[in-house]
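Novice: Modelling step: build the complete structure from the supplied sequences, incorporating the hints.
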Amino acid sequence: MLDLDKLRALAKETISRDDIKYLIGWRQGTYGFRTSPHFVGNLEDAEQLIFSPLCSSNLATYLTLAEKRPVPRGAQPDTRRVAIMVKGCDSRAVVQQLVEQGIKRESVYVIGCPCEGIIDRRKLEEKVPHTLERVEARWENGKIILDLPAGRAAFPRDEIVAGKCLTCRYPNPVIADVTVGEDVEVRGSAGFEDINWLEVKNAQERWAFWRDKVNSCIRCYSCRNVCPMCYCAECILDKLNPAWIQRSVNVSENTAFQLARAFHLAGRCIECGECERVCPVEIPLSHLNRKLVKEVSEQFAFTPGIDPEAKPLLAGYRPNDREAFIL
Amino acid sequence: MSSKPKIGVYICHCGVNIAKTVDVEELTRYAVRLPNVRVARDYSYMCSDPGQLMIREDIRKSGLNRVVVASCSPRMHELTFRKALLEAGLNPYYLEIANIREHCSWVHKDKQEATAKAKKLLQAAVAKVRFLEPLQEKEVDVEAAALIIGGGIAGIQASLDIANAGFKVYLVEKTSSIGGRMSQLDKTFPTLDCSACILTPKMVDVASHPNITLLAYSQVESISGYVGNFQVKVRKKARYVDFNKCTGCGLCAEECRLANRVKSEFNMGMSNRSAVYLPFPQAVPAKYTVDPQSCLYLTKGKCGKSPKCADACPAGAIDFEQKDELVEFKAGTIIVATGFDVFDAARKPEYGYSDYENVLTGLEMERIISASGPTGGKLVLGKGDGEYVPKEIAFIKCVGSRDKSTGNEYCSRVCCMYIAKLAHLVKDKIPEANVRIYYMDVRAFGKGFEEFYDRVRREGVRYIRGNPSEIYRRNGKLVIMVEDTLTAKPLEDEVDMVVLGVGLEPRRDAREVIDLLRLSQSADRFFLEAHPKLAPVDTATEGVFLAGCAQGPKDIPDTVAQAKGAASSALVLLSSGKVKVQAQISWVNEATCRGCGYCAEICPYTAIEMVPVNKMGHQVTVARVNEALCKGCGACAAGCLSGSVQQKSFMDSQILPQIAALGGKS
Chain U
866 MLDLDKLRAL AKETISRDDI KYLIGWRQGT YGFRTSPHFV GNLEDAEQLI FSPLCSSNLA
926 TYLTLAEKRP VPRGAQPDTR RVAIMVKGCD SRAVVQQLVE QGIKRESVYV IGCPCEGIID
986 RRKLEEKVPH TLERVEARWE NGKIILDLPA GRAAFPRDEI VAGKCLTCRY PNPVIADVTV
1046 GEDVEVRGSA GFEDINWLEV KNAQERWAFW RDKVNSCIRC YSCRNVCPMC YCAECILDKL
1106 NPAWIQRSVN VSENTAFQLA RAFHLAGRCI ECGECERVCP VEIPLSHLNR KLVKEVSEQF
1166 AFTPGIDPEA KPLLAGYRPN DREAFIL
Chain S
20 MSSKPKIGVY ICHCGVNIAK TVDVEELTRY AVRLPNVRVA RDYSYMCSDP GQLMIREDIR
80 KSGLNRVVVA SCSPRMHELT FRKALLEAGL NPYYLEIANI REHCSWVHKD KQEATAKAKK
140 LLQAAVAKVR FLEPLQEKEV DVEAAALIIG GGIAGIQASL DIANAGFKVY LVEKTSSIGG
200 RMSQLDKTFP TLDCSACILT PKMVDVASHP NITLLAYSQV ESISGYVGNF QVKVRKKARY
260 VDFNKCTGCG LCAEECRLAN RVKSEFNMGM SNRSAVYLPF PQAVPAKYTV DPQSCLYLTK
320 GKCGKSPKCA DACPAGAIDF EQKDELVEFK AGTIIVATGF DVFDAARKPE YGYSDYENVL
380 TGLEMERIIS ASGPTGGKLV LGKGDGEYVP KEIAFIKCVG SRDKSTGNEY CSRVCCMYIA
440 KLAHLVKDKI PEANVRIYYM DVRAFGKGFE EFYDRVRREG VRYIRGNPSE IYRRNGKLVI
500 MVEDTLTAKP LEDEVDMVVL GVGLEPRRDA REVIDLLRLS QSADRFFLEA HPKLAPVDTA
560 TEGVFLAGCA QGPKDIPDTV AQAKGAASSA LVLLSSGKVK VQAQISWVNE ATCRGCGYCA
620 EICPYTAIEM VPVNKMGHQV TVARVNEALC KGCGACAAGC LSGSVQQKSF MDSQILPQIA
680 ALGGKS
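Going line by line, the protein sequences match chains U and S.
Heads up, the first sequence is in this note's numbering, so the first residue is 866 and it goes up one at a time.
Heads up, the second sequence is in this note's numbering, so the first residue is 20 and it goes up one at a time.
What you were told as hints is all true, and nothing was included just to trick you.
Here are the simulated BS3-like cross-link-like pairs (lysine-lysine), alpha carbons at most 27 Å apart as the crow flies: (1) U:Lys886 <-> S:Lys634; (2) U:Lys1104 <-> S:Lys23; (3) S:Lys252 <-> U:Lys1176; (4) U:Lys1176 <-> S:Lys634; (5) U:Lys969 <-> S:Lys634; (6) U:Lys1176 <-> S:Lys650; (7) U:Lys933 <-> S:Lys634.
I should point out that these hints are in silico values taken from the structure, not numbers from a laboratory.
Specialist: As structure tokens, then:
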């Protein structure tokens, strides 16, 4: 159980430092089960910081998203570090960004938050009615406690946490300058049983499954926007010349889009599940990502976002790599 | 940017190679109707002088500014046609080749379908050529020095040739003396020249040549740079003997506490040396080396009261304080002559090499036969009082060659003849000996080889066709189990000694060289040449050449010939002093580059550097292409996640119209 006072004290101490620009964390959202990213620039802001099973968003996205405004002539760019709160999965995003040199180690200050699982709002809303009241939540003895308007309710963790948390092998941050709270038990297995049901299908059946899902894609690009690994200055999807993917929303172009997104994440996806969480039409993108993770793990014995000194998988070559996939 | 594209299309019949399967007249009529095409012509041989003239004339007269040639693979004649464009005053990179031979006429039978496909290919080439941009070929200076890695006969020959042509040579040898495998051989087939007698003069020439810097007992540590400008770092390992003071007198070795107690590598472990040693009497440089693996002083920290070698040396050359030394220099070109390893006979356990002392390898037999070998050239078995002269001697060929079970499918090319030679030498020393050779095939392909094979048979050596399955010991003798496949009879052959004709293998440390120079290997794991027939000494890395067995098994004449070939290729670079670099290289859009460094990691030529740049006052890292190093392979462009790396002449904006044309309706 995390002590919020301690967290806030740490945040205050952190942002008081000369070498910290601001701190990125979470705060309670405006209604219901929502939480918001919170950019802490002063001591007052720090009072609102929280860390709870509702803090679903992966804040690492904001590390690369930060706008680099032109520096006036004669002025020095602000090179102070950005402090960021990360869960286990988020910390892997930070590591992978380091591997890809999207950020520099000396420009981030990582506050690790060991995490027992994040609530999947969709699963929760099946159990309790939607509410406009702000709801607070916390972990307690393997359960998740919610302060609902109707009173306190406790749910077994596995019933309401996100799918990614059930398979999570890295609940404790893999990189941190300072850690808040105690390390938690690793519960996920190293296997890929969760996608077995899809793997056993034949190609036609799998295509039928995906075609149906992709067909509903409205190309809002939320999955791309939220992804901590998608931070190209000019995305392939936005290019007009050449226009790799047409603007029209149909199965063909949608598939091209989803496949391009998946390919670009091969050996890079760190399974934070943000794409799936934000998808308004509920495409099970994590199945696609898990398949990639499985292939990468089986073919190259590689797990992205663990070792900041690692070479990017697809930029490296080892003579003993398996090449079973080469025709 | 140039004005509106005016395209000329030239369709080659290639005799009947294309015309037989593709309706070239129909293709020409089709080509004229394509957008921006001004002229379209067909001709029997476009690559011929009149064919090229046709192109040049049209460029001059009709003001063409783009050319498409529909012919064979661009690997054949792209350069030819580029030259034609250049001669007519057009940038040579305004050319696109539609390969309607290898990609079309040669792989199809149906004329109608092949013509339809040729149309597609042509249409795609026309679609692309419109967007091509002019490129400039640049030249870089060539450093007038060569690095030669490996001091065997290949390295020695290449060094001498280049040095004699007046250029500086750095010859790096890993062991303490040059000479390589050839120095271990006794006589050489088929002429029976004494190996040492023909090799040592060359070794001495190397040592005394004013243009050669010999770096023996040294290893190349790193190589950076590119053709014409390689930066080389060599580690000169500590000999613990002052190179300038040592006179090679050998008193240190005589006095060494471990005298005759360390196995001699040169004699294949069959005789002993001291911990301070000269590998063999004719070694070059004739300087002693302390073996850090066995020397008591270096391994234990003490050697009696004081090291005896140091006490004995009249020149005071022993220096245990010596440290490895790093030597740096520049070289314009590199020859890799790192040689081979002998197949480890222990990997064929059925032949009992590890178990029976009278089972020897060919190279061990060379040392035994040699007058400078462990027995002084006497062929005897046993030791001391038990010494006896073997009477029954068998040779087995293809041990570790032509054998899938060992992973070596190739023929080692030298075993047939070295075994014939050894058999001859055995008969020479012991005329009454019964010598037989078990073989699969006899490959006596070289000059004088068949004659020598014939001679050996006439001397009474028996050739028995059969691949022995096992060797075991019975009553103190070795028994070879084999089927004589010509008479289909199983044999049990009782002999005194067996010599295994072990093959040649890639060096076990080949990986180090590959990593240094980014070389490729062929399926047999030897270094891969750029083209098996037309560029047999070149590699994919420009300015790096291969010589000797590093490229594949070969005998001494072939090795020397290849070394001379490599030297001549290196000299072309050195004497011209300039080298043209690829024009179709990569280009980085620094505005969108996010500095991830994937391209730099992927690049097989280390041609991409990550450099800091100032973007609107922020220090960011972007990729930058070294134009001299880039070979235009396009790996970076394929690897770039953000599409910021593009390869000139293969930009997205150029190949997408081409792909679109292939996909669309014709």
